[in-house]
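As they're listed, the protein sequences go chains Y and Z.
Position in the first sequence counted from 1, then plus 99, gives you this note's numbering.
Position in the second sequence counted from 1, then plus 420, gives you this note's numbering.
If you're looking for bench data, these hints aren't it; they were derived computationally from the structure.
Note that the structure is a prediction, hence the values are computed from the model and not measured.
All C-beta atoms in this analysis are idealised placements derived from N, C-alpha and C, irrespective of residue type, glycine included.
There may be inaccurate statements among the hints.
Keeping only pairs whose Cα atoms sit at most 16 Å apart, straight-line, the calculated EDC-like set for lysine to aspartate or glutamate is [as the list claims (entries may be wrong)]:
no. : chain 1 : residue 1 : chain 2 : residue 2
1   : Y       : LYS230    : Z       : ASP672
2   : Z       : LYS452    : Z       : ASP507
3   : Z       : LYS544    : Z       : GLU520
4   : Y       : LYS230    : Z       : GLU676
5   : Y       : LYS204    : Y       : ASP256
6   : Z       : LYS680    : Z       : ASP556
Covered by chain Z, according to a simulated footprint, are these stretches of chain Y (three or more residues, beta-carbon under 8 Å) [as the list claims (entries may be wrong)]:
no. : region
7   : 152–166
8   : 169–178
9   : 211–221
10  : 228–238
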Amino acid sequence: MRKLFVLGAAAMMTLPSVLSADTAPRDVAFADDGSVAESLTGVAGDPTAGLENATSRGIGNCVACHVAEGWKDAAFPGNVGPALTGIANVYDESQLRGILVNSKKTFEGTVMPSFYNLDDIIRPGDAYTGKAATSPDVTILTAQQIEDLIALLLTFDEPLPE
Amino acid sequence: MRIRAKHSAALASALVIALAGAARAEPDLDAKLVINGDLEMTTIAPAPAHLEGALGDNVISGWHYRDAATRQMETDDFENPAMSAVDEALAAWDTVDGSEGKSCADCHGAIEEGMKGVTAVLPKVTEAGALWSAEDFINDCRTNRMGAEAWDWDKDPMKNMTAAIALQSRGMPVNVAIDGAAAPFWEQGKEMYYTRYGLLQLSCANCHEQNNGNYIRADHLSQGQINGFPVFRLKNDGLVSIHNRFAGCVRDTRAETFSKGGPEFHALELYVASRGNGLAVEGPSVRP
Numbered sequence: 100m101r102k103l104f105v106l107g108a109a110a111m112m113t114l115p116s117v118l119s120a121d122t123a124p125r126d127v128a129f130a131d132d133g134s135v136a137e138s139l140t141g142v143a144g145d146p147t148a149g150l151e152n153a154t155s156r157g158i159g160n161c162v163a164c165h166v167a168e169g170w171k172d173a174a175f176p177g178n179v180g181p182a183l184t185g186i187a188n189v190y191d192e193s194q195l196r197g198i199l200v201n202s203k204k205t206f207e208g209t210v211m212p213s214f215y216n217l218d219d220i221i222r223p224g225d226a227y228t229g230k231a232a233t234s235p236d237v238t239i240l241t242a243q244q245i246e247d248l249i250a251l252l253l254t255f256d257e258p259l260p261e
Numbered sequence: 421m422r423i424r425a426k427h428s429a430a431l432a433s434a435l436v437i438a439l440a441g442a443a444r445a446e447p448d449l450d451a452k453l454v455i456n457g458d459l460e461m462t463t464i465a466p467a468p469a470h471l472e473g474a475l476g477d478n479v480i481s482g483w484h485y486r487d488a489a490t491r492q493m494e495t496d497d498f499e500n501p502a503m504s505a506v507d508e509a510l511a512a513w514d515t516v517d518g519s520e521g522k523s524c525a526d527c528h529g530a531i532e533e534g535m536k537g538v539t540a541v542l543p544k545v546t547e548a549g550a551l552w553s554a555e556d557f558i559n560d561c562r563t564n565r566m567g568a569e570a571w572d573w574d575k576d577p578m579k580n581m582t583a584a585i586a587l588q589s590r591g592m593p594v595n596v597a598i599d600g601a602a603a604p605f606w607e608q609g610k611e612m613y614y615t616r617y618g619l620l621q622l623s624c625a626n627c628h629e630q631n632n633g634n635y636i637r638a639d640h641l642s643q644g645q646i647n648g649f650p651v652f653r654l655k656n657d658g659l660v661s662i663h664n665r666f667a668g669c670v671r672d673t674r675a676e677t678f679s680k681g682g683p684e685f686h687a688l689e690l691y692v693a694s695r696g697n698g699l700a701v702e703g704p705s706v707r708p
């Protein structure tokens, strides 16, 4: 009995979206304005992990497109998207979740990627290898990584730049 | 955001300064590319009509988007690191290869004469109705006329030769045909240009049309023109072919990319070349 339980726990750690309580990408409930009220995981986000996420090229890579006071030490942030300094004064948690899960539901046709989405993907690839994806069920970020990023963005409560 | 709009916006330049203080500058549109002190290059040209204003009034060579030191390397053939690859190709031009005992020069004469203006109109549709890039013409000569082995699309002998051939059109305006037999290929390429590939759902246009002049991380987005190809990339210490660049850009959207030399990239090459109609052929140019 005990052994089985341990096995189960290990499996949960390696297959997050199958066995865990995460909301699957296609089950996320969006409001009309594109926001998502409910946490994807039920586990509070960790802003420190969120920062790691946002500034790592292989993970969220938010710095590729956004400047933010909260990651001012990251080298060469891009400016394809708007600055995120003070963004917590602009959007609430559910709006931020909606933007991160599927930015297109908030900003129609936006260049910003949809980080927890499986639909309308043309020629999905296996990470950055240029080869075909090995599974159709891969999202850019995991549900918990989204929650961690939201927790981070909610700390960006600086006064908005002029 | 377009460059002209950004260029004049004081707000934008303030942002650029705040961003880094490092070597980040708007594309210097006043810079002039003059090669070897006498060959003046058209690096900004009126946008072709088929773009219908998508890039504003002008198309702009990727040269303008690079830092001053990299731009400088392209102004002098002694400084341009691609020229040793060209020298290798010039030697190959005169070298007999294959079962027929022929060299390129045996059929085409001096490369300066035989290949003048060729790159400016490539890719183009052959009489047989195929869309051919420089690489296809080269391999057709090698296999059918010389009895030699085809060169790999993306290996040095091929890249070197495309550089040497491009050089014979240097300064001439890109002028690929998009009508008649080329039209269906051009339509296919255009469709690809606006398709949002991969998990990141990004099209060529998302980066090179909507965001040229902006930075994606440290990379200064250009219009993604191919008038400078093959380019010598300092980072790779070697020449990069057009299809290799396309493959890299599609891969970076977390997509399954297309094969170099395949039908999709042929069509895309024609379309992208046509977006630069009017710019001077600059190959081989220099990139960081």
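Hint check:
For the hint pairing LYS230 of chain Y with ASP672 of chain Z, the CA-to-CA distance comes to about 11 Å; that is within 16 Å, so the pair holds. Restraint check for LYS452 of chain Z and ASP507 of chain Z: the C-alpha separation of about 26 Å exceeds 16 Å, so the hint is violated. About 27 Å separates the Cα atoms of LYS544 of chain Z and GLU520 of chain Z, which puts this hinted pair outside 16 Å; it is violated. Distance check on the hinted pair: LYS230 of chain Y and GLU676 of chain Z sit about 5 Å apart at the alpha-carbon level, within 16 Å; holds.
Restraint check: the Cα-Cα separation between LYS204 of chain Y and ASP256 of chain Y comes to about 24 Å, which exceeds 16 Å; the hinted pair is violated. Straight-line distance between C-alpha atoms of LYS680 of chain Z and ASP556 of chain Z comes to about 12 Å, which keeps the hinted pair within the 16 Å bound. For the region 152–166 of chain Y, the proposed coverage by chain Z is satisfied: 6 residues have a C-beta within less than 8 Å of a C-beta in that chain, meeting the threshold of three. Counting residues of the region 169–178 of chain Y whose C-beta sits closer than 8 Å to any C-beta of chain Z gives 5, which meets the bar of three, so the coverage hint holds.
Counting residues of the region 211–221 of chain Y whose beta carbon lies closer than 8 Å to any beta carbon of chain Z gives 5, which reaches the threshold of three, so the coverage claim holds. Interface restraint, the region 228–238 of chain Y with chain Z: holds (7 residues with C-beta to C-beta distance below 8 Å; minimum three).
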